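K.L.:
All chains, please: the whole structure from these sequences, using the hints.
The primary structure of each chain is shown beneath.
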Amino acid sequence: MFKNLNYAAVWRSLDDLAYGLGLALSLAVISIILGSLIGIVVAFSLTSKKKHLRIVSNGYVTGIRNIPLMIIVLFIYFGLPDIGLLFGQMESFIFALTIYAGAYLAEVFRGGLISIPVGITEAGMASGMSNLQINMFIKLPILLRSVMPALSNNFISLFKDTSIASVIAVQELTFQIRKINLDTFRTIEAWSFGTLIYVFVCIGIASILRIFERRLAIPR
Amino acid sequence: MSNKVLEICNLRKSYGDNLVLKGVDLNLKQGEIISIIGSSGSGKTTLLRCINLLEDFQEGTIQIDGKEIGYITKNGKRTRVNSRTATQNRALTGMVFQSFNLFPHITAAENISLALRKVQKKSQEEATTIAQHWLERVGLPDRGNSYPGQLSGGQQQRIAIARAIAINPKLMLFDEVTSALDPELINEVLDVIKSLTIEGMTMLIVTHEMRFAYEVSDRVIFMNEGLIAVEGTPDEVFKNAHSDRLSAFLKNTKF
Amino acid sequence: MILTLRLIEFTTLSTLKMDTPGYFEDQKLQGTPGFFSELWTAKNGLFSGALTAMGVAFTAIFLGTVLGVFIGITLAYGKQPGRFIARVYTDVIRGIPLLALILANFYLLSVVGVNLNALQAGVLSLGIFCSSHVGEMVRGGLQNLPVGQTEAAQSIGLNFTQTFRYVLLPQALRQILPTWTNTAVEIVKGTTLISVIGLSEIILATQQVIARNFQTLNFYAFAGLIYFIICFSIERLGKHVEKKIAIK
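Protein chains in written order, with the numbering used here: chain A, 1179 to 1398; chain B, 946 to 1200; chain C, 143 to 390.
Everything labelled a hint here was simulated from the structure, so no lab data went into it. One thing to keep in mind: the hints can contain errors.
Below, a list of computed lysine-lysine pairs in the BS3-like style, where the Cα atoms sit at most 30 Å apart [unchecked claim]: (1) C:Lys381 <-> A:Lys1227; (2) C:Lys221 <-> B:Lys1063; (3) C:Lys385 <-> A:Lys1229; (4) A:Lys1229 <-> C:Lys185; (5) C:Lys385 <-> A:Lys1227; (6) A:Lys1229 <-> C:Lys221; (7) C:Lys185 <-> B:Lys1063; (8) B:Lys1022 <-> C:Lys385; (9) B:Lys1066 <-> C:Lys385; (10) B:Lys1184 <-> B:Lys1196; (11) B:Lys1067 <-> C:Lys221; (12) B:Lys1063 <-> C:Lys385; (13) A:Lys1228 <-> C:Lys385; (14) B:Lys1139 <-> B:Lys1019; (15) C:Lys221 <-> B:Lys1019.
Derived list of chain C stretches under chain A, where covered just means 3 residues or more per stretch with a C-beta under 8 Å from a C-beta of chain A [what the hints assert, rightly or not]: (16) 197-204; (17) 238-248; (18) 293-307; (19) 335-347.
It should be emphasised that the depicted structure is a prediction, and the values quoted were computed from it without experimental measurement. We put the beta carbon where it would ideally sit given N, CA and C, even for glycine.
P.N.:
Structure, rendered in structure tokens:
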């Protein structure tokens, strides 16, 4: 079985694989940026003193985290047209992944927010800063730095979640691997190479992000 | 059968390139109580941890009750004993740690009886009885069913003492057992140790509590830079110190 | 705003068996049954889909956890080469998406001659996924225990097996429980991916229903609701167990 391995088909399709990889990374980047915007807002809502904000944001986070991404994707792409919202495949997926990411990132940011020592906020209040000013100039910068490790983890997860886009025919990496498999029947070669791409990219991202973390960390 | 419970000859230990114990000799007779004082880094804790084999040592021998522990020298070659023998060696000593190290997921009584049941293979009844006996001896007769998290620091340390002494070791080792306690809790622990000296247990106590060391010890050892610098009776060491380093050390403590 | 109104209009009308306005020209459906009667008709298919999904999930979680504990112990205490193999296994499995893992398993196995049906392949893939995550969790839990616990256990004469069984493992498991519950929920959600290799679980069952009555939005929403109920219950159960066995 192993004697017949022929990776030529894989090498020929490197362009397609590269395209798929690039697309997957782009989807992950877009969703983490947009998702972080949602996440930060929701995180502040989760820790707000106003009860209705807390209820709504808790509902969002709990709801989305307990629903599989695939259902959200199918709902948006196939279901929403029923009320007149037609999205293309890529847009549907970005929409879905962003909503999904937002719920997880909200938890990450919430964790970061509540770990800011209360004394720092009180110092801000003592200097006469308004709530909004405290949030923007004190909490946010601290938050962004302390949250980096969790963000890195989430980014890698989102990158892996982009594989679900293949279900609605978005041509990211998993889709490309499947295509090579179906076109050439070189199953072992296609899947072994493809999964290794995922593994090495994940390891690569993790290493790069760790270097970033060290650079941006609050000096001790 | 030697009267010497503990005999240490020329003990040397390094951490990497750093020689921490530079040739320590020490003898303890049955029932003797020795306090070890000295500044941080003098090697006091390392010495204790070598005795109960939590640390390796590169040269020298340690004998408990006449039997060498930790290493075997066969045909001139010195090798570490296997883990089974090391485990048996450790059961000869009882150690009380600075940070108590009680097992938080089981009750105080279970902490004490665990080794009795699993190592000494005693029955549940026998182990519980012994545990209750030691709970009373350390002044906590009705806290057996409490979890460590529900006890104060002083109470936890007393349970830790009971746990160590319940296995009936030949030698008790105390590693700065009051250093992590709030000041008002220190005395209850020191009183328990004092009361245990009546039992005839041989004890090696590393401590910063000078007054306690003076009151309780048969001999006091001052360690400095990996060696025993001064050894003598409490009066000799605390009242008539001839060594400059010892005088300087004592001046900085509140004795 | 308009969309919210449309959404409300749509759901109420479709629930009440009335004609739903099509928002596109080709969507005018006349005299369609309401959502709840369609749901009742479809109940068997959806229910068996849910059972299949849950069966797959629980089997995979069980097998994966058992294997994962061994992997975790090997990662924490094992000797080479076992430790290296465990490390490579964990890193590779955790580095590929679950969907890719399922597809890869499915295709590779058929090439090698092992013919598993979709259900078995699904359980295998989810189980492998679970074992790698549990392995990493267990390793972390064991290595994060204070070293003083091991030292105290050794000082009273416990050997390694006894130390592990009576002192280390009970504490590590309590630490890990929240993360484990998370992984369990992820696996339940992962059963949706097995639809891609043809297993008739909730999504496929939903799609079959939709193919009949075109109530796409309603039924995908309902599928989401089913998963929400299951996952939320697991989460709640996990928190309850955490409270019960917490170290006081």
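K.L.:
Each hint needs a verdict: does it hold in this structure or not?
P.N.:
Going down the list of hints, with the structure as the test:
1. C:Lys381 <-> A:Lys1227: Within the cut-off at roughly 25 Å; holds.
2. C:Lys221 <-> B:Lys1063: Answer holds: C:Lys221 to B:Lys1063 is near 26 Å, not above 30 Å.
3. C:Lys385 <-> A:Lys1229: Holds, at roughly 26 Å.
4. A:Lys1229 <-> C:Lys185: violated, 38 Å
5. C:Lys385 <-> A:Lys1227: It holds: about 27 Å lies between the C-alpha atoms, which stays within 30 Å.
6. A:Lys1229 <-> C:Lys221: Status violated; Cα separation ~54 Å.
7. C:Lys185 <-> B:Lys1063: violated, 56 Å
8. B:Lys1022 <-> C:Lys385: violated, 55 Å
9. B:Lys1066 <-> C:Lys385: violated, 33 Å
10. B:Lys1184 <-> B:Lys1196: OK: B:Lys1184 and B:Lys1196 at ~12 Å, within 30 Å.
11. B:Lys1067 <-> C:Lys221: It is violated: about 33 Å lies between the C-alpha atoms, which goes past 30 Å.
12. B:Lys1063 <-> C:Lys385: Measuring from Cα to Cα gives roughly 29 Å; hence the hint holds.
13. A:Lys1228 <-> C:Lys385: Given that 30 Å is the threshold and the Cα spacing comes to 28 Å, the pair holds.
14. B:Lys1139 <-> B:Lys1019: violated, 42 Å
15. C:Lys221 <-> B:Lys1019: Holds, at about 27 Å.
16. 197-204: violated (count 0)
17. 238-248: holds (count 8)
18. 293-307: violated (count 0)
19. 335-347: holds (count 4)
The structure fails to meet hints 4, 6, 7, 8, 9, 11, 14, 16, 18 from the earlier list, while all remaining hints are met.
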